[in-house]
Each structure stands twice: as C-alpha cells, then as structure tokens.
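Protein sequence lines correspond, in order, to chains Y, G, L and Z.
Residue 323, in the working numbering, is where the first sequence stops; the numbers in between run on with no holes.
Residue 308, in the working numbering, is where the second sequence stops; the numbers in between run on with no holes.
Residue 339, in the working numbering, is where the third sequence stops; the numbers in between run on with no holes.
Residue 503, in the working numbering, is where the fourth sequence stops; the numbers in between run on with no holes.
Simulated from the structure, these hints should not be mistaken for laboratory data.
Owing to the predicted nature of the structure, the values given are computational and were not obtained by experimental measurement.
Some hints could be false.
[Claimed, not checked] Computed beta-carbon distance windows for the label pairs:
#	chain 1	residue 1	chain 2	residue 2	range
1	Z	Lys262	Y	Asp75	46 to 54 Å
2	Y	Ala70	Z	Asn359	26 to 34 Å
3	Y	Asp75	G	Lys87	57 to 65 Å
Don't be surprised by glycine CBs; every beta carbon is placed ideally from N, CA and C.
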Amino acid sequence: MGKLTGPMYGILRGNMEFLLFLFRRFLRLLLTILIISTIIFFVIRVIPGDPALVVAGIDASDEDIQAIRARLGTDVPVAVQYGRWLADIVRFDFGESMISGASVNKLIMERFPLTLTLAILGIVLGIIVAIPLGVLSAVHRWSFWDYFGMVYSQMGMAIPSFWLGMILLLVFAVKIPLFPLFGSDSLKNLILPAIALGFARAAVILRLTRAAMVEELSKEYIITARAKGLTNRMIRYKHALRNAMIAVVTVTGIQFGYMLGGAIIVEQVFSLPGLGRLFLYAIYQRDFPLIQGGVVFIAVIFSLVNFAVDIIYSLLNPKIRIS
Amino acid sequence: MEKLIELKNINKVFKSHKLISVKKDDFVAVDNVSLDIKKNTVFGLVGESGCGKTTLARSVMFLDPPTSGEILFDGKDIASLSGKELKLYRSRMQIVFQDPNSALNPKMSIYRCMKEGLVNRRYPKDKIDTRIKELLDLVGISSSYVNRYPHEFSGGQKQRIVIARALSMEPEFLVLDEPVSNLDVSIQAQIINLLLDLKDEFSLTYLFISHDLNLVSYLSDEVAVMYKGQVVETAETEKIMKGPLHPYTLKLFSSAPGKNSVELFEADESYREGLPEGYTYFPPEPDSSLQLIDIGEGHSIGCYALNG
Amino acid sequence: MPKKRADKRAVKRADSTLEIRDLNVSFIQGEKEANALRGISLSLKRSEVHSLVGESGSGKTVTSTCVMGLLPTPPARINAGEIILGDQDLLLLEEKDRREIRGKDIAMVFQEPARYLNPTLKVGDQITEMLILHLGMEKTEAVERALEILDLVGLKGGKRILDSYPHELSGGMKQRIMIAIAISCNPSFLIADEPTTALDVTLQLQILNLMLSLKNRLDMGILFISHDLRVVHDISDWISVIYAGRIVESASRETLFADPKHPYTKLLFESIPDADKRGKRLQTIPGKVPDAENIPGGCAFHPRCPIAEEICRTSQPETKNLGGNHTAACHFIGKQWKN
Amino acid sequence: MRKTAKFGTVLVILVLVILMGMISGCAKKEVKPLNFALSGNPDTLDPQKTSGTLTFQTVKSIYDTLAEPDENGVIVPALAESWDVSADSLTWTFHLKKGVKFHNGDAFTSADVKATVKRMLAEETGSPHNKEFGIISSMDTPDELTIVFKLSSPQASFLASMASGWSAILPKSLIDNGHDFDSLPVGTGPFTLEEWVRDSKVVLTKNEDYWMKGLPKLDKIILNIIPESSIQVQGLISGQIDIVFIIDSDDIPMLKANSDVKLEDNLTALIMVMPMNTGVAPLDDLRVRQAINYAIDKQKILDIAYGGGEPIGTFMDRGNAYYKDFTDLYPYNPEKAKQLLKEAGVGDDVELKLYLPQNYALHVKAGEMYQEMLTQVGLNVKIQLIDWSTWISDVYRASKFDLTVIGHTGKLDPNGTLRGYGEGKYVQWMNADAASLIKEAAITSKYEDRKALYDQALEIMAKEVPFVYLGSSYRTTGFRTDVSGFRITPNLDTFDFRWTEFK
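Produce the complete structure using the sequences and hints provided.
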C-alpha cells in the first residue's frame, strides 16, 4: 500500500471495499425508496380526491367514470394496486401519467434538466455570495462586513422567495427589461429564478460559514498556528477555513436538497417548466403514478446529493474514511 | 478478610455493527479478568489509558453488563437478580468519575441534585434537608452553599459534592475512576484524605482506578496491573511495590516520574524473573492464552505456559 | 541543510538568554480587573531546562503565552515588565517583527497534541509550512528537512508519517510531531506548556527524555511549565514555583528538593502521595488557589499558610536571595511548623 | 481591512461580468409572433383523450370540426358544408367540404371522419366522451364527401356533440399508424404545431393551405404558459404578451390607465351559483332556500367578486339561445329572508358548511361575500377551503356539503347543462316534472318545441331554487392596442385566432 494515505485511501486501497460500500449505499437507497414510496402510495390514496374524476371532468356520467377507473387501474383494492405498482417499480417503470397518458419517466426526465440547472445556479450564486461574506464576517467581527452579513442573513431568512421572485421580475424584467418575464429558452431565463432561489439558501450558508469560522478560529490548533509565526492570512484561509468548510459542505448539500423543494414556488412565479410545477399539478390532479414517481425520483436525488456530500466531506475531513 | 466483590472470568466484547461487513472487527476490551475485592479495603487498578480499566469498572457496576463471566456481590450473582433486586444492589454500589462537571447537571442546584437521589430511594421526606446538610458537612462543603449551582464551585468542591451524592445512597462499595486526576496537587491531597476518612467511618470498600502509580501505591491495599484488557499482575501493594515481576509492571514502574531520568525498562524474550518453570511472559504462539499464576501469598502474575 | 542558510542563522545565535523581568499582566473584564501576573521575573539560559511549577490559575500559561506574544490584548493588558531576547525587548516590537520571532526563535509545545494539531492538514504540511515561511525554503527542500526532523524526534517511517493526518497517529506520535514542528526552525528557546500531562506514564517518560536530548543536541533553552512536581524533578535544571501570579521560590532542582524554603513549596512536596507515606495522612493545604480577581493582600499565600502572622496580611514579602541564586519570597523563610 | 474591501470589490465585479455575459449574445429577430398568455399547461394535445379546457383552447387552432358555433353560439358549417336530419331524427347526413387538406398533406375525406369517430368510441382510446357517441349505431360513407350517422335513439344534442372540441377530425392514415396525437397533433386547422415545450409554451405557425381563404392572418402564435396571473398582466403591460385571456378584477384599474392596453368585456357562458344541498336539513325546506336567495345581493357579488356580470335567475347562461329571464323572482330582500327563516325556525344554532374550492380565488372571494350576507340575516355559515379534486369527489360526486360556490360552464347544447337535475344530481334536488321535461327536450330536435320544454323546466328550477343563481360573469380580455380580430367561441371558451391580426 506504500504511499497511500489520507481521505481517498479507503477508495484506493481496494476496489473491493469501495464496491461494497457502493453496494451498501445502494441497498440503503432501495430501502429508503421502498419506505418512502410505500408511505406516499398510501397517503395519496387516503387523502380525498379521485384522479378518474379529474380525467372525466364534472359532466361525465358514472359509467364514464367507472370506465376511466378501470383504465387507470384504480378500480381494484388498494393492496392490489400496491402490488402492481411494486412489481412495476422494480423494473424502474413508474407507469404513465393518469392525466396526460405520457410516461412518468419521460415527463420527469423532460423537466429535470431545467430544475437541476436552476438548483445548481442557485447554489452556486448562494455559495459565491455566502462563503466569502461568511468568512469576512467571522474574521472581522463587528465590522461593516459582519453587519452587512447579519442584515443579509436576516433578510434572506425573512423574505419569501415568492415575493423576492415577483420583485426581481418587476424590477429586472418590467422596469429595466434586462431579463425576460417568462419563458425558458436560454440561460438568461434562469438568472432571476436562481437569484430568488439562492437568496435564502445563501443566508443559511452565510450564517453557518460565519459560525463555523468563528468556532474554528477559537480552536487550539489556531493557537499552534499563531505560535508558529504564521501570518493571519495563512491562519485564516489555510488553517481555519479548511476546517470550517467541513460543516459548510454538509449544510450546502442539504440546502441543495431544499432547492428542489424551493423550485416549486420559483418555477410557478417564473413560469418555468421544471419538476416543481410538474409535481405540483400532479398533486392537484391526483395523478397517482406521477406523484409516486416524483417522490421516488426526489428521494433518489436526495440520496445522490447526500452521497456526493459524503464523498466531499470525506475528502475534506480526513477523519471520516469511506467505510 | 471477607470478600465483597468476586469477579470471575469477566469478558467484555464490543461488537462492530455493520449491515454487511467484510471483516469482523470485534473489540475485546476486557479479556478474562478474575479478581477478588475484600471488604473495607482499597483495591487499586492501574494501567495505561485504553487498557480496559474503565470498561471493567462499568461492567462491575453493571452499567454495561459484561459479555460473559460472573460478578458476585456479597456472594450473590448479580446477573441472576431481577430488575428490582438489581436496582437495590446497584444503590449499594456507587461510582465517582474523573470529571465532576459531566456528573453534575449544570442546571440543577446542589440541593436539588442531592435531593434527587434521596427521593429516589424513598428517604423520609422530612429528613431529607437534614440529611443533605449532614452529607455536605461530611465532605467539607458548607451547608450554606446548598442553593448554589455547580459552576459556582471549584473542581475540588465539585468532586466533593459528587462524593457526597454517592454517599447519600449509603453504598458499601465505591468505584473511584481517576477521581483526582483533574485536580491540583493541594486539592488532590484533601480529596484523598477525605476518601480515606470516609472509608474508615462507613466501612466502605473502594475499587480505585488510576494511572498514577504513586497514588495507587499510597492508597491501595491490593493492586492489579492491567494491560490490553488483561490483568498481568496482582498482589498486595507492599509486595508489588517491592518486587514487581511482570515486565509490563516493571515498565510502568520505571516510567513513573520523580525518579530522575530512569531509562524505560524494556524486557526481551529472555526475561523470566519470578516465573515458575515452564512459563514465559511472552506468548509462544500468537493465540496463546494468558494465565494468572499464583506464585505465593496472593501474588499472581500473568504468563503463558510453554507447552500448550 | 544548505550551508548558506546555516551561516545566516549562526549570526542570530548570539542571544543566550531569554529574560522575563517584572512582568505584570492583568485581564480586564468590564469593571473587573484580574491580576494574572504580579511581577514575574525569570531568566532562561540556552541548554537549560527552567521549570515553572504551579497549580492551575497561578499564572503559568499566561506567562508562556505572553512570552510568545499570543496574549490577546484586550482583554489582557501588560502593565509593566520586559521580555528580553538578545538586545531586544519583545514587548516593544511591532506585531510583524514579533511574528518573525515566533516559531523561529522561540517555539512552543502544547499540552494536548490532538487538539493543537490541525486535523485536516497532513502533518508534513504542518511542519514544512514553517520552514517555507521562516527559512524561505522550497517545498522539496522543506520536505527533506522535515524528514531529518522526524528522525530527530524519533519518528521512524519518514514520508509515510509526513503524509499522515494527525488522527492517524497515536498520542505519543502526535506529541512528537508537535515537538518536531516546534524545533523545525532550530529555535533558541522552547516553551513547553504541560507537554506530557495528556500522556500515559510510559509515553511521558519517552517524551521527557526526547526533550532533554533535543535540548542538548540543539542547544535550546526550555521553559517547562507543569503542575507535576515529580515530572519537574526529572527534567529541570532550575525550578521556579509560582503562586497567584508571583514566583514564590526559585532554585536549582537539587537545592529546591533538598531544602525548600517557602512554606508553599514545602507543603506541595508533602501533599504528594507516594508509597513511602502509606498509612499516614497526606499533608494538605487548606483552602484553594485564589482567583486572579481576588488575590489576598499582603502575602497572597497567607490565608493558607501555617506560619502566617500579622505582617503576612499587610505586607507583601520581598524576594530574598538565599545564596546561589536560590530565592524565596516569604517573611519567615525557613521557619518550621508542626503538623 | 483594505485587502478585505478589495476582495469584496473583485467579487462584485466578477458576478456582474458573469451576468452581463449571460445577458448579451442571445437576441434574434424574426417574424412578429402573437404572444398569448395561457394560464396552464394542456395535459395533452389529443382532443379525444381529455375533458380539459386548456387542451381544447390550444387544439382549436390545430383541428377543425364538422360544424362549429359561430360568434353568437349558432352552430354553422365548418368541415361539413351542410347536413340533413331525417324526420325521425335518427339519420344524420353530413356533406363534407372539398379540397381540404390535413397538415401532413392527406386529403380530408369521409373516411377520416369515420376513423375519427371510431377511435373516439374505441375503449382503449379512453375518451371521457365516448359514451356521448354511444348512440351512434352505424356509420356509412357512400362517397368520399358524405358520411351518414345512424343513431339508436333520437338525440337533439348530436349536432352540438359534432361541433364540440373533442369531435376534431384526425387523419385516418395516422390513426391507423398509432400516431402519438398526445404531443404531435395533426389536423386541418388554421395553424400547425411547431413546438410544445410542456409547461412553457406552445408555438403554432400558419397553415398556408387552410381551407378558409385569406385566413389565418397571423404567421405565428406563441401560447406562453404563465401560471401567475400577475405575471401575465405585467407581460401585457411591458409588451411581452399581446393577449391576456382572463384578467383579475384587481388589475383592471391599472390596465385601464395604460394607453398601450385595451380591455374588452364579454359575457361568459358561465352559470355562477351557490349550490345548496337540498338533501340535508334545513336546506331541504324550500323556505330556507328562498330565504337564502332573498338574502343575497347578486349583482354586488357579481361586481365585486367576479368583476361584473349579469344576473340569470335560473340555471342557464345568459347568452344562451334557451335562456329565459326569471331574475325578478327573488330580488335582494334581507327582511323577507329573515322572515322566511323565522317561519322555518332556522337560527344561528344551525351551522352551515360552505365549501370553497381554494384554487379558484374568485369563488373563494365570492364565498366570503355569501357568508357575510347570510350572516346578516342570521345564518351561521362556516367556510372550509378544499382543493379541486376534493371538490369534485366529495361535493360534486358524493354530495357531502351544505353550501358551495362554483361556476358551471354553459354547454353548447342545453341538455349538457340541465341533464340530471330534478333527479338528484349533486344538489340532491328531486322534481319529477322538471326531470321529465328535461328528458323530453333532449330528444326533441325542433328549436321551438325544445325551447318551450326548457322554458318550463327552467321555471321550475327558478322557483324551487336548489341554487342561488347569481349570474353570468363578464370575462375581461386584455389586448395590446395593435391587436384585433381575436374571438372567443361561445359556450366552449376556446380561442379563435383565425381573424386575429396586428394593425
């Protein structure tokens, strides 16, 4: 094994061990999906509302509705529906939307790129703003930057993204028409939504960055670094920030997960054809397969994000090896 | 002298919990330990950190029941006790840890913290206040401080309060896990004197755990030396101080400070001091098992039989 | 090591003592003022171990951080005193110059290596960053030097150790890394703040022996800070006993252990438990070390002192030289008492 | 500190540069399209598979039907040049237009009509309307331009069915291929589908070969799917949207002040009502229902909640050819209401639950006004918000409600509007006379005869008041001033862009 040490050690030491780790993660993912999807399967059937009625419209006769139920497969007992559905999802087949008849997989994959781009842009904007500001706030406590950061994070937590989105549109799409008011053709359409989405997340990341930096700066190894005669810059950025990032990365990952949820509101305001609106209408219309597929999809995304966070975390934190 | 505690072949294994794992890395923290602790004596347990002292103590207290082995308290097997009896037995044994801060709830006044234990064991309500005063008096804390909170006390005072609380259960047996290591020299002496006084006054029995050889040799009647979960040497204190035999004991003794730069004792395979014929201090096979051989007058050493 | 650089360092090596004179430090917190150091003087010669012994709160750590220039001001305030290295008073230097000296001329080793090492930096980086900063070495050169230093502190394994993270090393190894970091720039003086307290006895002995051998090889002066008289006994050339921010007694190790003059020193010796005192009650010192906010007037030790008289309450005893630089600050030096 | 400031400045500049880079370099000019604001995504573009209005609003421009309602709601020829009905009303013969072409180039013939209706009837198509066509017993195509439908029973509404959005004619060749009409509609309509980005936009381009000469006038239409009405309105103001279909009454004053925008009010085919569950006490008591009708200031609710409209007084939309005025029956008279309630012995000890569909802000607003007015006369009304699918399943299908607020869409054929009332349809109102009148009208083809039957039925409904008949509301459409010729098909609420143009 020779020279291999450090974070990726666990991965490189033996492919076997890493594969096993992946396998365990995968099993855990499957288990999570099974549990979540089972819960959602029954919950959406317990809440009132029948997709057949949505399909039929209010003027359809009882006969029509029966026919539609039969076609949708909601005319059999819930247990049978559950069994059918389980049998389908093991083949990664989430069925067809009850309302539009399109394949759930296709509908989701059509919308996902936009929501993903939006979330990534949002988190990148959030990080660009939050981490430097958080570090500055921590390093120069009670300075202008710190107060600025505090005001910002207060605002970020308090301002709803719906409202912020509206304001951004009124200012930057109507008063000063730099950006389009609606549409989804170019990256330009995503800038304002990404800001609306990233704003609140940035506030959270900022607070955390500040807190983590303050904590790290009060740790003993900082005294060692000072005793070594290192410059303040080295102490802050080489020593403290590196450690502070461990916590920041975790929270940023979680925030990224929240982005997918926050996207629902932002997509509504900015008329973007993303996952959020797809799922929102699926719920309105009681489109069972689409709701189920959506929940499973989000669970998978969350797990993947968590997985990525774990990997980055272990890269940053040598104490956590992947095993 | 009568035995209060008998430990027979105590093992404590920490299992690794993994859904799917390539290897089983169970950790044997206590490995086949047998000891007798006599009534109204101090039994010292020494060894380096991580050698299993604290785990053994927790097993004895039944805080973490041992994986296997028997614990006899006053001749009774603790494992055989029902929940109710166990609770009763447990109140006869108390433990004092190294760090009094974690033992005291910072949000509770000393009075409430003392009262809790007494109420728990159904001490007559009207006598609780008097009892608390008595106990605090006993450990040298002015009873006018009862309404103060832990942070208002110094480390030594907090440790006294912890001891007072332990005493409120009227135990017969106290496990003292490094009770003075965090204290200043002058305070340390006060607590040690207090512990010795209490032992005489209430006929207590102590299991005293420490890495400080000087302290253990001052305080204990008998000493056991632990190394990697096993007891490698045990004897009356005087005996072991005068003639330590096991190479690990020797190493430990030689490194105790205050001797002006003694070189660390490092035994080699040829070292067989005090061993009966046919035994060795070093495992002849990787999986040989250690035996505790009595070489007379209660002095036992851990060694391996040469032939199987 | 390249010759040129060795020469450059040789010029600087003129300073043979680190001298603390009448250091007076207090901490300001709102209205309150805590007198942490009330006139500490001690001198540390190269290739000598000078121990500063005292109980917690007596001012040991304030002294060492003050010498390093790491005392945060505020809340700390240096009221008076000098710290002389060579011909400079360190307290008068700019922060930038101070930083030059830190780590390079005066280095420090701390109590708990696990917490005082950066958990996310490889130990190699933690050693070499100083060589690069203070000695202007290239990275590869610094790694070479780091390997030499590892050898010096008795760590076998070379590169593999440099590529490790602190948590991958045992407690003893971590403390050796701390020492390696401290000695990497060949400092003239080393401040060791309870460097072995967190270690088991066997490791403690190893580290103490290592420090002694390094002292001799590198011609360092060590200011050894400890609360453990027995450890101090093993390592020191000279010992100063500190109580409530003042040095109450200072003597060579032999003298101090053979003939302590200050009642506090005597009581400390007698309160240490060991096998010889079996069956006897330990000598105790009543009360506790006063906090820096409420130091008693007169001799600060008088409330706990068995021989205190009226004068001890009113007047602070002067530090008297008892010959051979053995000093003690007591009105009744050498007076005996009955237990 | 100076370094920090520099760092911050660099950061700000960096962000700006990135943003500017994204803004520039993506502007292209071409033919001026008409931008229309559509409030939601059509579920599908297959007219046979849905009952969703958004689909019909979209495919109206892509498909044609044999007949279609004109601006006044009169059914006029479209793909069929003319039609004949046999005396027994059982045989319907349609004569088709010549020279009509599908977007894929296929010529339009009677075979396409037959294939389309067959597809509609097929179980696997899953059309929610297939029962409506179940009365067709046979179809004959004597020649390419003639199709004969034989019905199993007389059905007056058959023509209306053929004029409805779901009777759009699809090309036979593609039906046979199993073409994906869901996302790639192919019809004979004035526009062809260029692109459908789900939840974002539908782009339509001119059908150069359209059978109506000189139409359509526009080259391109973009139906922008914008769920937030305030964004639609902002789009209209800023010129990014040319037509906004329904405007929230709150926005009207602001738009009126804008010279780039003009507003047009039309009466909708909506029957705005507060249904009362006549199956539960105390609403089963006619006096209570009458009292409630007297208690409501109908014009006020129309004006405030629905942005204006005209009262109806019975269950028929105001603009309908079968409408008869009964608005004088229950004028606003709270005193009378109180008196009737007293007679019926109903006080505020009876709690009436008013279920409001929460995604329809206008109904919620109206509901609050109803509650207020009913409270004035001493009733105890509690509001509960529910979502749309719950409304359908619980209120509409299961009649689990006391009061609710809704707008029923008036149908092309009155039978669609009235069918089922008097027989317990969701308000649980039972009236044998009304039921038999409605049934008889359904099989009467002659207008005058039908009208007489419906007049009687509507009168009974107007007097028995299972609803509070509020009125037909106005719909306000907003246009950029340079847009003209936009039509809305009555009773279907679909958009007709054929005559629309920029001035």
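Hints and how they fare:
1. Judged by the Cβ atoms, the range 46 to 54 Å given for Z:Lys262 and Y:Asp75 holds: they are separated by roughly 51 Å.
2. Y:Ala70 and Z:Asn359 have their C-beta atoms about 28 Å apart, which keeps the hinted 26 to 34 Å range intact.
3. The hinted window of 57 to 65 Å between Y:Asp75 and G:Lys87 holds, with their beta carbons roughly 59 Å apart.
Consistency note: the structure conflicts with none of the earlier hints.
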